[in-house]
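Participant: Listed below are the residues making up each chain.
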Amino acid sequence: MVVNLLFGLPGDRPGGLVLTILYAVASGGGALALGLAYASIGVNWTRASLGLQAVSAFLRGIPVLLLVFLTAHLSGLTTGRAGLVALSLYSFAHVGEILRSFLAAYPADLADQARVMGILPIWEWLLMRIPWTLRHAWAAVSTHWISLLKDTGALVVLGVGELTTVAKALAETPANYNQWGVIFVLAAALYLVTTFALIKILRLAERRMVK
Amino acid sequence: MTEELWVGTIGTIVLWAISGALAIASALILAAGSLSTNKTVHLLARAGVNGTRSVPTSVLVLMAGMGMMRVSSAPQLPNIYPGTSASFQHVAWSIVLALAFGSAGHLAEIFIAARSTLGQFRLEQMTVLGLSPMSRAALVVRECAAVALPPTGARLVHHLHNTAFAALFPVTDLFGFVQGLATATFRVFEFIALGCMIYVALSGLIWLVTRSLEAAYAPPAANRARRRAYVWS
Numbered sequence: 001m002v003v004n005l006l007f008g009l010p011g012d013r014p015g016g017l018v019l020t021i022l023y024a025v026a027s028g029g030g031a032l033a034l035g036l037a038y039a040s041i042g043v044n045w046t047r048a049s050l051g052l053q054a055v056s057a058f059l060r061g062i063p064v065l066l067l068v069f070l071t072a073h074l075s076g077l078t079t080g081r082a083g084l085v086a087l088s089l090y091s092f093a094h095v096g097e098i099l100r101s102f103l104a105a106y107p108a109d110l111a112d113q114a115r116v117m118g119i120l121p122i123w124e125w126l127l128m129r130i131p132w133t134l135r136h137a138w139a140a141v142s143t144h145w146i147s148l149l150k151d152t153g154a155l156v157v158l159g160v161g162e163l164t165t166v167a168k169a170l171a172e173t174p175a176n177y178n179q180w181g182v183i184f185v186l187a188a189a190l191y192l193v194t195t196f197a198l199i200k201i202l203r204l205a206e207r208r209m210v211k
Numbered sequence: 001m002t003e004e005l006w007v008g009t010i011g012t013i014v015l016w017a018i019s020g021a022l023a024i025a026s027a028l029i030l031a032a033g034s035l036s037t038n039k040t041v042h043l044l045a046r047a048g049v050n051g052t053r054s055v056p057t058s059v060l061v062l063m064a065g066m067g068m069m070r071v072s073s074a075p076q077l078p079n080i081y082p083g084t085s086a087s088f089q090h091v092a093w094s095i096v097l098a099l100a101f102g103s104a105g106h107l108a109e110i111f112i113a114a115r116s117t118l119g120q121f122r123l124e125q126m127t128v129l130g131l132s133p134m135s136r137a138a139l140v141v142r143e144c145a146a147v148a149l150p151p152t153g154a155r156l157v158h159h160l161h162n163t164a165f166a167a168l169f170p171v172t173d174l175f176g177f178v179q180g181l182a183t184a185t186f187r188v189f190e191f192i193a194l195g196c197m198i199y200v201a202l203s204g205l206i207w208l209v210t211r212s213l214e215a216a217y218a219p220p221a222a223n224r225a226r227r228r229a230y231v232w233s
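As given, the protein sequences belong to chains X and A, one line each in that order.
Sequential numbering of the first sequence, starting at 1, is according to the numbering used here.
Sequential numbering of the second sequence, starting at 1, is according to the numbering used here.
Next comes chain A alone, as it looks inside the complex (with noise of 0.2 Å):
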């Protein structure tokens, strides 16, 4: 039970971990898009941050897997999910694809939302500096990160919870394991109280993590500030 309980819990973290990251991805890119001043682009991104923040990640996964469990002849992808038999590899990258877009739209808005707070002055100064796009776009996160990653981090909160959509396919994780085990054995307690202490250490890690780099990433002024408020109180 221990082994199934750990590839569970990992195969959660690793279905949250590179459907983040992707997520993360297309949101940038749909934020830019949403940004561009080409009005194709522009609908474009739009539509896709609408598209995603309107349409429910169970649909989307229920959708993605289904698909992807008819295909006759499954392509050859990497083995990367553990627990997830070798013959289901690519309905696991089908829902990791799924969960990815369902998270891009939100993410996006948080990303937009962020950038909107440094003023069109500041990001007029930015211009002017002359840096190339790419510093320029590096220089945009890194001033707006300590607006977006609280809501970041909410929102990756929520994108873990939603992994164990994972659980209506063969797909191995956490859920999946307390379902399976609870119906199994009829001691539904024990491995409901096992799982949510489990989601709810996962959820504060993240949260840990991002509160770290909010610290990190906080303005220059903030952090002159509490290090005054520590010498006087």
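Isolated chain X, as found in the complex (with noise of 0.2 Å):
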């Protein structure tokens, strides 16, 4: 049975755990980028980019699990692609809002100072204020992460094999009817192991990044 909850039922691997930390990583890295592209539009063209924000508050304003079955009935893509499809979405909702306040927060005096020693605006955008707002915005970026890891339980909507529907169908099986309980708090405790993992290594990263 954990086996099963690790590392998805046979012949449906990687499932389980593995895959929810996998749907986590993709998802998450994909809406860093488009929320860095995001930010970056929205602070430079403020007016031009009110479409992309209209957009990006409107994915806020919908649950998940109804973006994940409108990606799953409009994209034509399979279940598993989908799946990442409306989860990479999802955070970039709200990854790009975050990052877009931090980014237009930049200091002027840094501007300035990159602009006297005559750096190129390209490089001043990639070496100073990207860096300079994933690290400010990281606290933040962070606790969308941890609730996004819990998010992809989401995906049971499409019985993509993840951790919530490995327990789901193992708590639906026949011969595990009595010990649905088990299943579940198992279940639980392998999200929450896997959640305190995450916190610990993104504030290891965040220590690294205020050296």
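No lab work stands behind these hints: they were computed from the structure.
For every residue, glycine included, the Cβ atom is placed at its ideal position computed from N, Cα and C.
Don't take each hint at face value.
To be verified - Stretch by stretch, here's where chain A covers chain X in the computed footprint (C-beta under 8 Å, at least three residues):
1) 53–66
2) 69–80
3) 153–162
4) 178–184
5) 192–206
Stated by the list, open to error - Chain A stretches covered by chain X per the calculated footprint, using a threshold of three residues with CB under 8 Å from any CB of chain X:
6) 58–65
7) 80–91
8) 141–152
What the hints assert, rightly or not - Here are a few chain A residues that face chain X, going by a calculated C-beta distance under 8 Å:
9) W6
10) S26
11) H42
12) G51
13) V55
14) Q120
15) F121
16) H161
17) V178
18) A182
19) V200
20) Y217
Both chains are given apart, each in its own frame, so use the hints to dock them into the complex.
Facilitator: Dropping the structure here:
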């Protein structure tokens, strides 16, 4: 049972906790890249980005479950890919807004210094603004990533074999009829341990960034 | 269809309102326990906060719903969830409890953080006033409401979105309505767009109420500053 929860059901591997982590990392990474682009557009071309901001606000206004369902039915992608796209969009809507607010707060002094030193705008953007924004927004982005790890559970609506889906499938198996409680407690414990590990890793990364 | 939509929307609102109220009540207890000087109470409260914050709502809802579905003799509980048949009202109640438990830890952390903004000096001032514990608690709530309301509103919007997990069981809600009719009629875009609009409208309504309360509970100094700004601008 524990092996299935960790690695997925036989014939449907990788699944379980491993797939949950893969989904969280892939969607979180993709959303971070998209979010940085969104923040850059939002800060430089505020008026032109209003449409993009409206889309982001709309994505934040609907349940992740509905977003997953919408992507799966309207994109024509396989359930696994649709789930990844939906989670990336969901994460982008949150991370993009966090990064936009921090990027907008970039100190004018630093920008002036870069100009005086003759650094090209593109390098100033890549080597100064983006690292500064990431360093300052890290705590807020970390909180979102912890939430994202748990939100992968919404993929249960598509039957994608991540941890929640595997726990549901195991609990619904007639052979496990009396063990449903144990299965869900184990799944909850796995989420708990993974969340704590993620918190520790993110704090470690934050400390390294401050150094 | 209009009637089903209406029932689904009301079903979501009822699920959200009851579980939200329970979540806030549980969060206040967890927050008070976290601040307790009694080590056992403190540790239990912290375990509750961390437990609810680390386990996804999807797992909590599945655990509660599946557990209740397997109960052979269902307990008699008030029949208040519209659209949900009488034989599944107990499942709806268990989902409400799971939803409340899923948000309680997050709300408790918000309340603790809001209280900490008052500072030790103001908290000691309240103690010196000689008020009863209940009156003091009411004063603390009143004082830190302006700080606590924005994140509480954001969490309650997230809580509204979490009610969609009720659709995993025969409990009527808006997402269940959208999912059911989109699959049955193949008019997927139409029903999803309708569902999105209602969820966005409900989220906006929560945000508006929170902002109004925030304005009403803003500290007098902030209100004075705002009035002055209006006069001179």
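Participant: For every hint, state whether the structure bears it out.
Facilitator: Now the hints, each set against the structure:
no.	hint	result
1	53–66	holds (count 7)
2	69–80	holds (count 4)
3	153–162	holds (count 4)
4	178–184	holds (count 3)
5	192–206	holds (count 3)
6	58–65	holds (count 5)
7	80–91	violated (count 0)
8	141–152	violated (count 0)
9	W6	violated (18 Å)
10	S26	violated (17 Å)
11	H42	violated (19 Å)
12	G51	holds (7 Å)
13	V55	holds (4 Å)
14	Q120	violated (24 Å)
15	F121	violated (27 Å)
16	H161	holds (4 Å)
17	V178	holds (7 Å)
18	A182	holds (7 Å)
19	V200	holds (4 Å)
20	Y217	violated (24 Å)
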